[in-house]
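This is what each chain is made of:
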Amino acid sequence: MAHDSGSKTFDLKAMLRDERFWKIAFQVITLIVVLLLLSFFLGNLNRNLIQQGRAFGFSFLRNPAGFSIGESLIQYRPNDPYWRALMVGLGNTLTLVVGGIVLTTLLGVVAGVASFSKNWLLQKLSRLYVGLVQNIPLLLQLFFWYFAIFGALPNPANQIGVLGLAFLNNRGVYIPWASSALLAILGIAATVGAAIAALFLWRWRTKIRIETGVGGQAQSIALAVVALAWLAIITVGMDWTVPEGVEGGGVTGGLRLSREYVASLTALVFYTSAFVAEIVRAGIQSVSKGQWEAARTLGLNAGMVMRLVVFPQALRVIIPPMNSQYMNLTKNSSLAFAIAFPEIYSIATTTYNQTGRPVEVFVVMMATYLTLCLLITVVMNQFNRSVQFKER
Amino acid sequence: MTSVTPDSVSSARPDVLALGPVAWAKKNLFSDWFNSLLTILIVGIFGWGIFRLVLWALTVAQWQVIPNNFGLFMSGTFPSQLYTRIWAILAIICGLAGLSWGVLGRNVSTLFSRNVLIGLGAVCAFIVLFPPTRPNSLQLLPMVALVAGGAAAGRQIGRKFPGVGKWISLSWFLSYFVALWLLGGGLGLTKVSTNDWGGLVLTLFTAVSGIVLCFPLGLLLALGRRSALPVVRLLSTAYIELVRGVPLVAFLFMGQVMIPLFLPIGSRPDRILRAVIALALFSAAYLAENVRAGLQAVPRGQREAAMSLGLNTPTTLGLIILPQALKIAIPAIVGQFISLFQDTTLLSIVGLAELLGIGKSILANPAYLGRYAEVYLFLAVIYWFFCYAMSLASRKIEEKLNTEH
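Chains as they are written, first to last, in this note's numbering: chain R, 95 to 486; chain S, 15 to 419.
None of these hints come from the bench; they were simulated from the model. There may be inaccurate statements among the hints.
[Stated by the list, open to error] Derived pair list, reagent style DSS-like, types lysine-lysine, alpha-carbon separation capped at 27 angstroms:
hint	chain 1	residue 1	chain 2	residue 2
1	R	K107	R	K117
2	S	K174	S	K410
3	R	K383	S	K414
4	S	K40	S	K180
5	S	K174	S	K414
6	S	K410	S	K341
7	R	K218	R	K383
8	S	K180	S	K41
9	S	K41	R	K383
10	R	K212	S	K41
11	R	K383	S	K410
12	R	K218	S	K410
13	S	K40	R	K218
14	S	K414	S	K180
15	R	K383	R	K212
16	S	K341	R	K212
17	S	K41	R	K218
18	S	K174	R	K218
19	R	K383	S	K40
20	S	K341	S	K414
Sequences are here, hints too, so could you generate the full structure?
Next comes the structure, spelled out in C-alpha cells:
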C-alpha cells in the first residue's frame with residue numbers, strides 16, 4: 095500500500111483518514127461478512143441434510159417418478175424417471191409461455207392503441223380494462239377464470255358448440271387441429287417460415303421503392319406466391335380434423351385444450367396485457383405531436399400515421415420494458431400450479447413431496463426459470479438493437 | 015331527445031364544451047362508418063354482458079355467503095371475544111391517518127372541501143347500508159369520526175409546531191409494533207397463536223411487514239449495485255439478478271421448506287415469519303432496481319459538488335444523493351408496493367389463511383359449495399379498492415412533485 099512504501103514509520107492515523115484504505119477495507123469486511131453468513135447457512139444446511147440422511151446430489155432424478163401427469167407433449171408413463179417428468183412439466187410451461195407471449199402481445203398492443211382511438215367508448219373501455227385488471231391479484235383472477243367462468247360451463251352432455259367447429263364444456267375447449275402432431279409442427283413451421291420470408295420480401299420491396307421510386311413488382315409477386323403457398327399448406331396440407339360432438343356428451347377428434355390450460359392462459363394473457371397496454375400507451379405518447387401532424391400534412395390517413403410513422407418510433411420506448419413483462423409472464427406461469435395445471439413448478443413440488451429433497455428441486459427450478467428468462471432477454475435484446483435509432 | 019340549441023350553433027367561436035349531446039355523439043361515436051360499427055359492436059356486446067351480469071347478480075347469485083362469513087373474511091379465525099384488540103388497531107390507524115392528513119394539509123385553505131365531505135358522507139352511508147358492515151356500524155362510524163377529528167386536530171398541531179412531521183413518522187413506525195403486540199398478545203394480553211391470524215388483517219399485516227423489511231435491504235442493494243467497489247457491486251448484482259429470475263411461488267416454497275434447513279438443527283421460525291422473510295427478500299431485489307433507476311437520474315454534478323464540499327461517501331449518499339433519488343423513485347416504489355400487496359395472495363398457496371386463503375377455505379365448506387363467483391368477486395372488489403387507492407395516492411404525489419420545481 096502507498097503509505098508503507100515510504101521510509102516514514104507506519105502511521106495509523108493517516109491510514110484511517112485515507113479514503114483508499116477504507117475502500118479496500120470496506121470490501122474486505124463485506125466479503126468476510128457474506129462468507130461468514132454463507133458458511134453459517136450452508137454448514138447448517140449440510141448438518142440438517144446429514145441428520146435427515148439425504149446428502150446433496152442429483153442421482154435421485156433417475157429413479158422412477160411413480161405419478162401420472164394429466165397432459166403432456168411427450169410420451170410419459172408413471173414409471174418413467176423424475177427427469178422425464180420434469181421435462182413434461184417444462185414442455186407444458188413452454189406451451190403456456192409461448193401461447194401467452196403471442197396472445198399478450200396482440201391484446202396488449204390492441205388495448206394500448208385503442209386508448210388513442212377517436213371512438214370515445216373504445217378509449218374508455220381500454221382505460222377501464224387496464225384500471226380494473228392491474229389492481230386485482232393475478233392468482234385471484236386465475237381462480238375466477240378457472241372456477242367461476244370455465245367451471246360454470248355446462249357438462250359434456252349439454253356442451254356448447256361454436257358453429258360446429260369448436261366445442262366448450264367444463265372439461266375444456268375443443269378446437270380443430272391437424273390430424274397428427276408431425277403435421278401440426280410442419281404447419282407451425284410453415285407459418286413461421288412464411289412470416290419471416292414475407293418480412294424480408296417486404297423490406298426488400300420497400301428498399302427498392304425508396305431507392306428508385308418505382309419497381310418492386312417482382313417482390314410483390316413473390317409475396318403473393320408466399321402467401322398462396324402458405325394458404326395451400328394450411329388449408330389442404332394439414333389434414334384438419336374437426337371435433338365432433340358424440341351422442342350423450344363428449345367430443346371426438348380435434349384438439350382438446352384442458353380447462354386448466356385455457357384458464358391459465360386466459361388469466362395470464364388478460365393480466366399481462368393490461369401492463370403491456372400501459373407500456374404501449376406510454377410509448378405512443380412519447381412520440382412528439384409534431385410527428386403526427388407532419389405525417390397528417392403529408393396526406394397519410396390516421397391508420398397509416400400510426401402504422402408507418404408513430405408506431406415504429408414508439409417501438410424504441412416499448413421494447414425494453416416489454417422484456418420484463420415477458421419475463422413476468424414466464425415467472426407467473428408457475429401460478430398455474432394452483433389450479434393443478436402440470437407445469438414445471440407443479441411437477442417440481444410433487445417431486446419434492448415424494449423425495450423430500452427441497453434443495454435439489456429448488457436448484458432445478460431456479461435453473462429452469464433463469465434459463466427461460468435469459469433466453470427471452472437475449473432475443474429481446476437482439477430485437478431491441480434492430481429498432482433503436484441508427485445514427486450515422 | 016335533446017337538440018342543439020340555436021345559439022350554440024350560431025356562436026362564432028368554436029366552443030367544444032358547449033357541444034350538444036347529439037353533436038358530441040356524432041363527433042366521438044359516429045364520425046365515420048368504422049367508428050359507428052365499433053360503437054354498435056361495443057354497445058351490443060357489453061350491453062348484453064352487463065345485462066347478463068346484473069341479471070345473474072340479482073337472481074341466480076346467493077350473496078348470503080358474504081355476510082355469513084364477514085368476520086372470517088376480515089380477521090380469519092381470530093377469537094371473537096378478543097375483537098376489541100382489532101378495533102383498537104383500526105382506531106390507531108384511523109387516528110394516525112387523520113392526524114397525518116391534517117398535518118400534511120395544514121396549508122390548505124379548507125380541509126373539509128365539498129368533495130371530501132361528500133366522500134365522508136358516502137363512507138358513512140356505505141357502512142350503515144352495506145349488510146355485512148351494518149352490525150358493526152357502532153364501531154365503524156366512530157372510526158370515520160376519528161379520521162375527521164384527527165385531521166382537524168392535526169391541522170391545528172401542524173400550524174403550531176411546524177416540525178411535527180417527524181413525530182408523525184415516528185408514531186407510524188411505533189404503531190406497527192403496537193399493532194403486532196395487539197395481534198399476537200403477550201406482555202399482559204392473552205396470547206393469540208399465529209395460526210388464528212387470517213383474512214384481511216393478515217393480508218395487510220404481511221404486506222406492511224414485507225414493505226417495512228424490504229425497504230432497507232432494497233436500498234442497500236441498490237447502493238451496492240451502483241457502488242464503485244467491485245466486490246460490493248458484484249455481490250449485489252448477483253443477488254438482484256438471481257432473485258429476479260425466480261418466480262415468487264418458488265421463493266415462498268423455499269421460505270417455508272428451506273429456511274428451517276438453513277438454520278441450526280431444531281430451530282423452526284413461525285410460518286408467518288418465514289413467509290414475510292421470503293416476501294421481503296424477494297421484493298428487495300425489485301425495489302433495488304427501482305431505487306437504482308432513481309439513483310441514475312440524479313445528475314453526476316450533485317455527487318461531485320458534495321465531494322468538493324468535503325462530504326465523505328456516507329454523508330454524500332445520505333444527505334445529497336438518496337433524498338433526490340428516492341423522490342424520483344416514489345412512483346415506481348409505490349407501484350412496487352402495490353404488486354407486493356397483490357403478491358400476498360400467493361401466501362394462500364403455502365397454506366396461510368390470508369384473504370384469498372380464507373376465501374378458499376370458505377368455499378370448501380359444503381354449505382357454500384359452488385359460490386365461486388360471489389366470493390371471488392367480493393375479494394376482487396377489496397383488492398381493487400386497496401390497490402386503486404395506492405395508485406391514486408402515487409399519482410397525487412407525482413403531481414405534487416412535478417409542480418415543485
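Hint-by-hint comparison with the structure:
1. R/K107 <-> R/K117: 16 angstroms, holds
2. S/K174 <-> S/K410: 26 angstroms, holds
3. R/K383 <-> S/K414: Given that 27 angstroms is the threshold and the Cα spacing comes to 25 angstroms, the pair holds.
4. S/K40 <-> S/K180: 55 angstroms, violated
5. S/K174 <-> S/K414: Within the cut-off at roughly 24 angstroms; holds.
6. S/K410 <-> S/K341: 13 angstroms, holds
7. R/K218 <-> R/K383: 21 angstroms, holds
8. S/K180 <-> S/K41: 53 angstroms, violated
9. S/K41 <-> R/K383: Roughly 21 angstroms separates the two Cα atoms, so the pair holds.
10. R/K212 <-> S/K41: 9 angstroms, holds
11. R/K383 <-> S/K410: 26 angstroms, holds
12. R/K218 <-> S/K410: 21 angstroms, holds
13. S/K40 <-> R/K218: 17 angstroms, holds
14. S/K414 <-> S/K180: 20 angstroms, holds
15. R/K383 <-> R/K212: Cα-Cα ~16 angstroms, so holds.
16. S/K341 <-> R/K212: Violated, at roughly 36 angstroms.
17. S/K41 <-> R/K218: 15 angstroms, holds
18. S/K174 <-> R/K218: Since the Cα atoms of S/K174 and R/K218 sit roughly 46 angstroms apart, the hinted pair is violated (cutoff 27 angstroms).
19. R/K383 <-> S/K40: Given that 27 angstroms is the threshold and the Cα spacing comes to 25 angstroms, the pair holds.
20. S/K341 <-> S/K414: Since the Cα atoms of S/K341 and S/K414 sit roughly 11 angstroms apart, the hinted pair holds (cutoff 27 angstroms).
The structure does not agree with the numbered hints 4, 8, 16, 18 stated previously, though it agrees with the rest.
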